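0 is the number of the first residue of the sequence shown in numbering that gives the first Met the number 0; add one for each residue after it.
Hints are supplied without guarantee of correctness; some may be wrong.
Said to hold, decoys possible - Keeping only pairs whose Cα atoms sit at most 20 Å apart, straight-line, the calculated SDA-like set for lysine to any residue is: (1) K177 / K195; (2) K204 / S454; (3) K204 / E496; (4) K413 / I459; (5) K195 / K170; (6) K494 / T433; (7) K44 / L110; (8) K170 / K204.
Said to hold, decoys possible - Cβ pair distances, simulated, as ranges: (9) R320 / M0: 17 to 25 Å; (10) K362 / R320: 15 to 23 Å; (11) R62 / K3: 33 to 41 Å; (12) D179 / K362: 26 to 34 Å; (13) G131 / D414: 42 to 50 Å; (14) Q312 / L172: 33 to 41 Å.
Hints are computed from structural coordinates only; laboratory data are not their basis. None of these values were measured; they are calculated from a predicted model. We put the beta carbon where it would ideally sit given N, CA and C, even for glycine.
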Amino acid sequence: MINKVNSIAVNGLTSDLIEVEVDINQGLPSFTIVGLPDQGVQESKERLRSALKSSGSKLPSSRITVNLAPADIRKSGPSFDFPIAIGILDAEFDFDKTLLEKSIFIGELSLNGDLRKISSVLPATIGAKEKGFKNIFVPVSNSLEASVIPGINVIAVENLSEAIQILLGRKELKITEKLDLSTKISETLENKYDFKYVLGQNFAKRALEIAASGGHNIIMNGPPGSGKTMLSKAFSTILPDLTVDEAIEISKIYSISGLLDTDNPLITKRPFRTVHHTASSVSIIGGGRNAKPGEISLAHKGVLFLDEILEFQKSVLEVLRQPLEDGQITVNRVNASFTYPAKFILVGAMNPCPCGYLTDPDKDCICSPRQVQNYQSRLSGPLIDRVDIFIEVPKVKTENFTIGEKYENSETSKDIKNRVEKARKIQLKRFAGTKITFNSEMSTKEINKYCQLDSETENILKQAVTMMNLSARSYYRILKLARTIADLSSEENIKKEHILEALSFRKKEES
């Protein structure tokens, strides 16, 4: 007789139903797992021997064949330990078949029979729900993560012995209480990087407000100590709160990366990923043996912050070009390819030269013109074309260092955030029924529809594009930026002042 147990295989962000078939027949004792399993799945045989013994059972001295169907889908990791064990134990205990048929089982077994925490539980639970299953059995340490998804019962199991008792009907089927997602997301803490603590830098604050409103990429150039890093970190405090759907979408990425916290299994704030300049291309775009998401996907719906952006290897910066344009990245491997979302706002900070003091009024620069030129050329033209806002961040004068009353008169992040949310609501209404969220995501079709100019304003823009030697891509990015500036002013049409302000944020002397 063949025993069947349902499980889920997660590959990238997609999930596939896996039918675990267990056949126990007479013959020389053997244990074979087929169905395109990787080494992690093959190793489950040794874990199962010990786990079954510790749970008061044992591996039958028979010919055991486990088939993970369908065979054309690669199965990886230890999450199949639990369903394989249930399939073997079903031959001994004859579990409730109705319960088995309506349930998904995932989990890694320890040698003493306990169920250990695994990754990718959130996308697995979503997959189980979409495929019509009523229950999903998961390790206790993954139960909160699975409970994020409504419409499916989450059964938290401590060990194999407990699972046996539940499936025999000897123990009550306890369903994990669902998390209140809206309450979870609304819980906020005071942020030490509030904009009210940034003295001066009004031009930079304005640029960051525009970037947050329209989802525009931004690079800040200035000497050390000018406040670029502080401004970048404060940027995350003016981004709108996540919606429930966005929180789940981001949490899925963190789940397959194994980065979700057991006690707080939902990402409730927009990601702010800081990447060190020694990072490799693989760590940024994703990859490795299991094709895990990289920093650009972990920053999805949030911010990717590249401090000292010119210190990155040029080849590393170039890999950002495609995801900045497409909002996603495809990681190819020998047996499969995985596509991960990567819609983030790029925030870069750079020094103007190798020594950093080219624009510092108090310190002399020791770099030659050639060194400065070579240093700044690390940002290629195609990459520059994908950045909407370039600003100079001057060093703050020492008289602005006074602490106290000046903070009280400074505009808070909450004030700026309110304006950002208002501008974003305009965009959501504008792009309702499409896949576009921000002005920065508009294609030529939408630009022609929503960024029309009068003749005077259009002539100003064309003259500026010619004088600044800007590309066609830069031309359209200026229009998208001007559209955001107009939205912040609640203006239906783009006016001359909106175009002029957008032009002030473009990088000069582009090639």
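Okay, the hints, checked on the actual structure:
1. K177 / K195: This hinted pair is violated, its Cα atoms lying about 38 Å apart.
2. K204 / S454: This hinted pair is violated, its Cα atoms lying about 31 Å apart.
3. K204 / E496: Satisfied, since the Cα-Cα distance of roughly 18 Å is no more than 20 Å.
4. K413 / I459: Violated: K413 and I459 sit about 35 Å apart, past 20 Å.
5. K195 / K170: violated (56 Å)
6. K494 / T433: Distance of about 26 Å is beyond 20 Å: violated.
7. K44 / L110: holds (11 Å)
8. K170 / K204: violated (59 Å)
9. R320 / M0: 17 to 25 Å: violated (57 Å)
10. K362 / R320: 15 to 23 Å: violated (34 Å)
11. R62 / K3: 33 to 41 Å: violated (18 Å)
12. D179 / K362: 26 to 34 Å: Check failed, 54 Å falls outside 26 to 34 Å.
13. G131 / D414: 42 to 50 Å: Since the Cβ atoms of G131 and D414 sit about 48 Å apart, the hinted range of 42 to 50 Å holds.
14. Q312 / L172: 33 to 41 Å: violated (54 Å)
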